[in-house]
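Keeping their order, the protein sequence lines are chains Y and V.
Once you know that position 366 of the first sequence is 366 in full-length UniProt numbering, the rest is easy, because the numbers rise by one and skip nothing.
Once you know that position 125 of the second sequence is 125 in full-length UniProt numbering, the rest is easy, because the numbers rise by one and skip nothing.
Take the hints with a grain of salt, since some may be wrong.
A pair counts as met if it fits within one copy or between any two copies, since identical chains are not told apart.
Said to hold, decoys possible - Derived BS3-like pairs: lysine-lysine, alpha-carbon spacing no greater than 25 Å straight-line:
| # | residue 1 | residue 2 |
| --- | --- | --- |
| 1 | 372 | 402 |
| 2 | 66 | 402 |
| 3 | 66 | 342 |
| 4 | 270 | 66 |
| 5 | 342 | 166 |
Simulated from the structure, these hints should not be mistaken for lab results.
There are 2 protein chains.
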Amino acid sequence: MPVNLQAPNPADLFPVPGVKLGIAMAGVRKANRRDLTVITVSEGSQVAGVFTTNRFCAAPVQLCQKHLAANVGTRALVINTGNANAGTGEDGLVRAFSTCVALGRHLELAPEQVLPFSTGVIMEPLPHDRIAAGLPAALDDLKEGNWAVAAEAIMTTDTLPKAASKRITLGGKTVTITGISKGAGMIRPNMATMLGFLATDAALAPGLVQSLVTDAANRSFNRITIDGDTSTNDSFVIVATGQAGNTPITSFDSGDGAVLKAAVIDVAEKLAQAIVRDGEGATKFIAVQVDGGRTEDECRQVAYAIAHSPLVKTAFFASDPNLGRILAAVGYAGITDLDQTKIDLHLDDVSVAVDGGRNPAYREEDGARVMKQAEITVRVNLKRGGASSTVWTCDLSYEYVKINADYRS
Amino acid sequence: MPVNLQAPNPADLFPVPGVKLGIAMAGVRKANRRDLTVITVSEGSQVAGVFTTNRFCAAPVQLCQKHLAANVGTRALVINTGNANAGTGEDGLVRAFSTCVALGRHLELAPEQVLPFSTGVIMEPLPHDRIAAGLPAALDDLKEGNWAVAAEAIMTTDTLPKAASKRITLGGKTVTITGISKGAGMIRPNMATMLGFLATDAALAPGLVQSLVTDAANRSFNRITIDGDTSTNDSFVIVATGQAGNTPITSFDSGDGAVLKAAVIDVAEKLAQAIVRDGEGATKFIAVQVDGGRTEDECRQVAYAIAHSPLVKTAFFASDPNLGRILAAVGYAGITDLDQTKIDLHLDDVSVAVDGGRNPAYREEDGARVMKQAEITVRVNLKRGGASSTVWTCDLSYEYVKINADYRS
């Protein structure tokens, strides 16, 4: 049961001029399932991505990085579900590349102009022949209005499609930002989530899209966790087609650039949070905010320790204010000179612990009231500096175990 | 359901001359439960411990360290369940110390000669008055043959008591080693487990017991994980009463010293593994062995990444050879220059992956056969050096979630 998440209304997803999406059934793992998506982007688009830091990164992730580095102008993306093409060695690279060759042939592109993405089971050979056979149907289906269908086609254990869209005005021109994402387990992105695609028609000066995708990932996908497992296939890509007609952005620090960046982060954050709201077995959406650290990094480290603790997560599932478990996680987060006698803990507006001990005014019924909510903010103050960081996570339920014990069967 | 673990037979637990144990019901959290244990050790005993690295370490852990540092000769240990006295601030220290004062008064000892231990719920005030009121009954019960009862009295969510015992001969003298441990959740010890006590009557040269407890912990309790949560109360203590009459050991590198150390590690390893076998919700006992690393540390880091992955653990629970999840965990273990094209993976005797890809000879039914076993060894070879490390863990089941969602209610 996703937490406060609805399937997107197709009418709310604004097309992005220059971007078309086509979906087909290729039978990658199961028949009669939309499992193949092709996205084409107009000539001159800027494309950049951030990818998993997992050293077992999948073959398509390796090819994406190689093709982007070749700098020959990305013109198409091809995404399959049902098979991650990870842990597949040299053979996996050959199969992923052959998909790029096949799509390139249809579109009269070099294989390096195609970026491949895969998601699904690890360590099984990619059925690249079935994917190639499915391409014509996907190409026949290409249209600008297909964002909602694509959001559904990239799902694996997701229970709902995830998409977000926004329009802003830059120098009198309407600029659109639309994105989709997928992921529900093996989520502790470390560059990006399983798969996230965001497109805008904003015009950017050359080279600027890379810093935009990095910053947006750091403010969105790099702040979520479901089970602490960093995937082999995490990829987040931004496409900027430049068709909006705005004066090209030259910096994100002020003016139109700052407005665009804020809007992109807003959409990326919605996409990232949607993944947590639809986390495997999730019944609660939890924001963990750590303040008063010396650096943002140490705040994030403490926030992740809390967000990854199975004991904290099961307590949230049970709505049990067994909040000492949060203090324990703060304690083992790895800050070796942390002073426990300074730590404050809030649950929403309820002060639970002050200076490392239970707040004498804290009443269990106040904790219990907040724990029953579907959305909860945990606030920890380390009182040793001025930095802050927030991460988003969900609880750990029977359903998580069930989903992951049954996933392949 | 513990995995291949039985309650110890009291007759198999050899008394250690110089060590007496007394148990009582103090009503710490619930009535009619043995929740208070006193252990006295004879004058001249050497005592040393290793304790949690959690910065939110409990009040009794802080006092243990202080009292050991005072070097006034430990003569008694007092252990309560039902309350961890952690996250309790200054007031927690006062309450823990008052327990040492109370026991010291009965035994005519300075409070610093008493080591306090607590385990149970975090962030609730310790009912030190009820503990003090229970001391006379525990003292009346003191006897050398009480190890099995004490093993039961220190349990919390454990389903079975944990104890091990061994006799060796040093220079013609019989030397006994007997220990008990407890713990089933919040287990990723980082110095020691929730609670482990081991005693021997071996005579040691002054100061030698500290290196023994450190080495034994590193070979036992520091190699297990259930849920990755490092407890606030982890403590492992070794007592050496010196009553065996052997020539005092002066080094553990050879001769009698090496024999003793091996026997102590053997008992400590059994106690540590018993904790995993009785891990919350455990249905399988899994050894994760990583070979071919550059250092033992990096091997342990990879082994822990596998052992902590909820996806790996749920796959074991389901007996599903979804073994790509293990490769993914190897990939995100944090070794930044790891070469995925070198990694081999075995499940017991079955070669699953070679050089980072699926072994063409691997058949799913072979993986499935091993996955059904109650005891499984995962072997990863990094092929980049000569170091190895093994850690022990269990699977993640519905029952884990149930136990931790219900723990306080």
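Give the relationship of residue 66 and residue 402 under a CA distance limit of 25 Å: within one copy only, between copies only, both, or neither. For residue 66 and residue 402, the Cα distance exceeds 25 Å both inside one copy (38 Å) and across copies (46 Å).
Are the CA atoms of residue 372 and residue 402 at most 25 Å apart within a copy, between copies, both, or neither? So residue 372 and residue 402 pass the 25 Å test inside a copy (23 Å) and across (17 Å) alike.
When Cα atoms must be at most 25 Å apart, do residue 270 and residue 66 count as within-copy, between-copy, both, or neither? neither (29 Å within a copy, 50 Å between copies)
Between the shortest in-copy and the shortest cross-copy C-alpha distance, which are at most 25 Å for residue 342 and residue 166: within, between, both, or neither? Intra 42 Å, inter 45 Å, cutoff 25 Å: neither.
How would you label the pair residue 66, residue 342 (within, between, both, or neither) given a Cα cut-off of 25 Å? between (48 Å within a copy, 21 Å between copies)
Checked against the numbered hints given earlier, the structure breaks hints 2, 4, 5 and satisfies all the rest.
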